[in-house]
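There are 2 protein chains.
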Amino acid sequence: MKFIHTSDWHLGRSLCNHPLLDDQAHVLRQIADYAQQHQADALVIAGDVYDRAVPPAGAVRLLNDFLNRMHELNIPVVIIPGNHDSADRLGFAAIPLNTSGVHIIADYEQMLQPVIVKTQAGLLYFHGIPYTDPIQARVFAQEPIDSYEQAHRYLIERIARNKPAQGVHVLISHCFLAGSQESESERPLAVGGADQVPAALFEGFSYVALGHLHGPQAFRQGRIRYSGSPLKYSFSEEKHKKGVLLVDIDQDGVAAATALPLYPLHDVRTIEGKLDELVRAAQTDAHCDDYLLARLTDDHAILDPMGKLRAVYPNLLQMEKPQLYQDDTAPLMSAARLRRDEFSLFSDFFEQVSGQPMTQAQRAAMQDVVDNVLKREA
Amino acid sequence: MKFIHTSDWHLGRSLCNHPLLDDQAHVLRQIADYAQQHQADALVIAGDVYDRAVPPAGAVRLLNDFLNRMHELNIPVVIIPGNHDSADRLGFAAIPLNTSGVHIIADYEQMLQPVIVKTQAGLLYFHGIPYTDPIQARVFAQEPIDSYEQAHRYLIERIARNKPAQGVHVLISHCFLAGSQESESERPLAVGGADQVPAALFEGFSYVALGHLHGPQAFRQGRIRYSGSPLKYSFSEEKHKKGVLLVDIDQDGVAAATALPLYPLHDVRTIEGKLDELVRAAQTDAHCDDYLLARLTDDHAILDPMGKLRAVYPNLLQMEKPQLYQDDTAPLMSAARLRRDEFSLFSDFFEQVSGQPMTQAQRAAMQDVVDNVLKREA
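So the sequences go chain by chain: A and B. For the first sequence, this note's numbering begins at 1 and goes up steadily by one. For the second sequence, this note's numbering begins at 1 and goes up steadily by one.
Rather than coming from a laboratory, the hints here were simulated on the basis of the structure. The reader is advised that the hints may include incorrect statements.
It does not matter which identical chain is meant; a pair holds if it fits inside one copy or across any two.
To be verified - When the alpha-carbon atoms are kept at most 25 Å apart in a straight line, the in silico SDA-like pairs for lysine to any residue are as follows:
1. Lys-118 x Thr-99
2. Lys-163 x Ala-378
3. Lys-241 x Ser-185
4. Lys-118 x Asn-98
5. Lys-163 x Asp-248
6. Lys-2 x Asn-68
7. Lys-239 x Gln-367
8. Lys-375 x Ile-271
9. Lys-321 x Ser-185
Everything numeric in this text was worked out from a predicted model, so none of it was measured.
The following block holds chain A by itself, in its conformation from the complex (with noise of 0.2 Å):
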């Protein structure tokens, strides 16, 4: 039995403002592709499908036309919203829609009664839990639930009590894991560690699909799993391998959890020099339409960088520049160094104006308004 695991795809999203639709459909591609080509029995989609409660059209689009795909080959989907999505406007029509194969579990009902899906190797059980915060459950369970924990144990029990004894059990979830790598394009769901989940609490499932952060990563034995979102959606996932996880599974359990990489129609990235350096560096830069965001570090003011960096690199969305702001020994745009610099500040900045050095004559009537200023500021 195999199943693709993948989450938080944030379709709707943007980057630092530009709209990543584009971006999203190119990897959903890829995702369709794949489950197409290893014949899943099932594609398990962990939480925050869309990236709020009320996504724009492309993005219902988007995933309209990735279930069309999936029915199409007639690979059942199980879909649990994650704290980003609003389960009832997820949920709408869930339960005509589970005769389709397509199965989206937005309420407690729906998680009491499995996915089941029969493959060649015997039944492959799905359990998902919609995006539940404590104040959810204690209201679900009349109950004193006042933690994560609290609510995911509650939630648990009343799953397993459900589970019948044969078949290959998978739990699906959305929440923060104890001992997990946070990145920054999440949404915390509490403050202060409160929202942590144990991992103690999934024993007695073969395989736990997680969503919510980010960046995939394993525990106990690999048999608790985040796959990690599709795309990067902050520089700060520079790092991470971004695919989705091909799950191999039978009675013993987990034989292999294969990560499937995705290639992204734009990569996101850090670029870091002197502005001169990285405009030059662009001529052999065979991907500078790359999501970048741009270190800059010149150690004097420079007129519009952004524009300058744009017009080789139309995809920069975000500048840095570190040596101007992080030098606290010696800080660069102290009094005391602008009093001393008029004159080379102006220098630089006529140069980057007319494109050229000032002539001598030039030069000298500047250093003559700049002595006059100071003397009677003295």
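With the hints as your guide, set chain B onto chain A.
Leaving out everything else, chain B in the frame of chain A:
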């Protein structure tokens, strides 16, 4: 063969800022009961299921609950989007849903694949036109389409070309039929009658189930019908008999189209009279929680009439005082009238605030004040 024809649910709509979700749930239950009780072969919703492109989550839940009930009853539902719906959003998962008996015809590709319902008496075909303005049709057709009539002609010809000779054929459309009667609660499709579609276009179908207009009405010997909305969505619909149509049809055409009445949680109606009379009438009004427009016939100013009426009519939504504005020959609010009446105006005001008339001494004092002010003005 029998099916239910309804339209213009406008789930999520308000009446004078009063949300109607409970009222809508109340009539949707009746519609589902009718479908069950009459063992309908199908149920058709001819557009404007939601009131806006992004409906509130409660409206999504309502439609979801309704579809679940139909799914349980195994009654196919055929839906087209209207001018209030977002075709992209309403059409989510339409293709996998087809297999479950929920048919949302939200694009032209689906339009050309009729929904076929197998009944004991033969095949019943539903052809749905998703709501279309001339520009959408022009883009689809790549032909110079400038009007709603041309758009409809083009789409109907496309449908007719695909239509098998056998079976009974029902066309579903959301449009403004020439010669039909508007209400205040419909959003016009275009100005000056440019949105009109002639009935002649609809030849070749056994029945045409229309949506858009909120009053039920029939054309061409009852072969073309608006079911009307299930609720009164404006006071202009006070006299409407709201309901759904039970269409009984066979190879020879429409045998009967019976209006099945819907009973609202709150009626929408106008009460008229002097404030005192209306307050008194409330004592014997068994339905004083209806949604009311009060037309006050008092010819003098009243302090907080809305508050006084709402004490006995809790769902008073709107108030008119025709006497104060409509008597053109002797306008009550004219400067001349106001100048004559300072004392009596104040006298009214005093009685309403204090609940009793002025004493002799108070009257004399007030008269003095008025006289003094008038003397100074003159």
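Hint check results:
1. Lys-118 x Thr-99: Answer is both: 14 Å inside a copy and 19 Å across each meet the 25 Å cutoff.
2. Lys-163 x Ala-378: Classified as neither; 84 Å inside a copy, 93 Å across copies.
3. Lys-241 x Ser-185: Within. Shortest intra-copy distance 15 Å satisfies the 25 Å Cα cut-off; inter-copy 55 Å does not.
4. Lys-118 x Asn-98: Classified as both; 14 Å inside a copy, 22 Å across copies.
5. Lys-163 x Asp-248: Within one copy, since 21 Å is at most 25 Å while 47 Å is not.
6. Lys-2 x Asn-68: The answer is within: 21 Å in one copy meets 25 Å, while 31 Å across copies does not.
7. Lys-239 x Gln-367: This pair counts as neither: shortest intra-copy Cα distance 49 Å, inter-copy 88 Å.
8. Lys-375 x Ile-271: Answer is neither; intra-copy 43 Å and inter-copy 85 Å both fail.
9. Lys-321 x Ser-185: within (22 Å within a copy, 58 Å between copies)
In terms of the numbered hints stated before, the structure departs from hints 2, 7, 8, listed from lowest to highest.
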